[in-house]
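Take the sequence shown: its position 265, counted from the start at 1, is 265 in our numbering, and no numbers get skipped.
By construction, these hints were calculated from the structure, which means they are not laboratory data.
Possibly wrong hints are sitting among the right ones.
[Claimed, not checked] With a straight-line Cα cutoff of 25 Å, these simulated DSS-like cross-link-like pairs (lysine-lysine) come out: (1) Lys153 to Lys343; (2) Lys116 to Lys209; (3) Lys330 to Lys355; (4) Lys179 to Lys190; (5) Lys209 to Lys190; (6) Lys90 to Lys209; (7) Lys388 to Lys330; (8) Lys433 to Lys388; (9) Lys330 to Lys343; (10) Lys9 to Lys116; (11) Lys190 to Lys417; (12) Lys153 to Lys182; (13) Lys436 to Lys417; (14) Lys436 to Lys343; (15) Lys433 to Lys190; (16) Lys153 to Lys209; (17) Lys264 to Lys182; (18) Lys355 to Lys343; (19) Lys116 to Lys90; (20) Lys388 to Lys355; (21) Lys179 to Lys153; (22) Lys433 to Lys417; (23) Lys436 to Lys190; (24) Lys417 to Lys330; (25) Lys264 to Lys190; (26) Lys179 to Lys209; (27) Lys209 to Lys182; (28) Lys436 to Lys388; (29) Lys264 to Lys330.
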Amino acid sequence: MIMNLDQLKDSLVGSVYTNSEFLSHYSADKSYLDPVLPSLVIVPESEADIEHVLAYANANNQPITVRGGGSGKSGGAIPEPNGIVISFEKMTAISTVDIANRCVVVQPGAILDDIKHAVEEQGLWYPIDPSSSDWCTIGGNVAENAGGANALKYGVTGDYILAVSGFFGNGNPFSFGRKCHKDVAGYDIKSLLIGSEGTLGIITSITLKLIPRPRFSQSFWCSFSSLQSICQFFQTLSVSSYQLSAAECIQPACLAAVASYLDKDISFLNGPALLCRYESDCQEGLDQFRDALLEQCDVFDASCHMESDDLYWLVRRSISDALGDRYRHKFSEDITVPSGAVKDYLDYIPTLAIKGTVIVCYGHLGDGNIHTNILNESLSEEAWGVAKRSMIDQIMAYAVELGGTLTGEHGIGLTKKDYMDSYFSEYELAILKGVKRLFDPNTILNPSKLF
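My request is simple: use the sequences and hints to build the entire structure.
In structure tokens form, the structure reads like this:
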């Protein structure tokens with residue numbers, strides 16, 4: 001049994017780091033929460049390394065936080081005090097694409113865009129597209145069940161996971177799923193692990209389902225007089241025969257921040273706007289949608305641009321960082337409400353802004369997953385802390401009142417754990433905690449997250 005640090009180091013192929021300068025690089029994520037310095041960072045290179053780390057952690061009752069790219073926004077990758085960080089930066093393998101079974105096996109440290117490019121070279125497609133796809137990892141995507149703009153049509157990460165393998169908190173190995181597109185044998189443990197935020201197990205291998213890529217695609221930037229007009233416009237489109245693959249709402253405040261952040265003239269892109277994308281297997285289908293879209297734009301007195309797909313999505317992907325750069329402090333929520341309640345949510349939430357703050361909503365209009373950014377314009381550090389908590393309390397309460405959820409894709413982590421009892425009953429929370437104890441009996445995997 002591995003009882004001390006020297007034994008652990010001797011057992012690993014990977015590396016162990018303890019100097020504070022190195023540890024600081026693994027102390028925070030994109031949640032804007034205060035960093036926490038871990039006691040160790042371990043960079044494994046094999047499944048055997050993970051097994052040894054778990055043996056050491058269980059023997060010494062030392063908590064583990066698994067880290068991907070650090071792109072998470074709920075504090076899920078922030079280390080535990082005196083804890084171990086496992087960074088998968090050297091477990092990045094992408095296997096040969098299995099064309100016959102339309103899947104690929106990857107290690108958790110693989111960058112999402114690298115996976116997407118690898119499968120596209122073989123004529124297949126992995127459609128999940130969070131804004132951080134150029135630096136987030138597939139392991140982090142699985143931990144949060146990540147979505148993205150394409151979720152409107154194609155779903156989220158969990159919809160494309162055929163199999164996972166790895167280790168439970170006590171070090172016992174697991175493997176759930178096969179290269180089968182249908183599998184209802186036994187309980188669906190795989191789905192429990194997906195979105196569990198690193199609290200139930202350490203996943204070391206993921207088998208992803210792949211699909212054909214649409215042959216024709218075009219994005220449209222439609223500018224309106226108000227967000228409410230955008231909601232009405234989208235409702236009209238959503239009951240038509242045309243299925244959008246993405247529908248993003250963007251406010252003028254977002255555009256002002258992005259223009260400054262990118263140092264780029266985007267003045268021809270007006271807001272509030274609906275950025276939408278339509279796909280077809282033939283050019284004729286794309287042309288028919290474009291005609292229908294322009295006709296509806298006339299009805300709603302909206303203007304439409306359709307010449308700059310790459311620029312439109314660069315603007316959309318840059319909003320979060322641009323807002324963070326523009327304001328003194330930024331806190332991001334990703335509540336989701338039923339599609340029919342989006343208009344009410346967008347009407348009400350900006351009125352909660354306390355003097356010296358701004359609330360900017362943007363994001364996935366199509367599935368009701370609205371990124372709600374609370375921004376500090378002029379408050380002191382102390383006043384900001386009080387104001388932020390007050391606004392978050394009201395936002396969460398209103399989302400639940402509308403029949404919504406606390407988080408659509410960022411996860412609970414640290415930032416939303418205090419609101420779990422507003423969403424789940426005492427008995428439901430007891431069930432969730434019971435699952436945690438079963439999968440991780442010594443409570444060493446990300447123990448401060450979720451509850």
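Okay, which hints does this one fail, numbers in order? 8, 10, 14, 17, 25, 28
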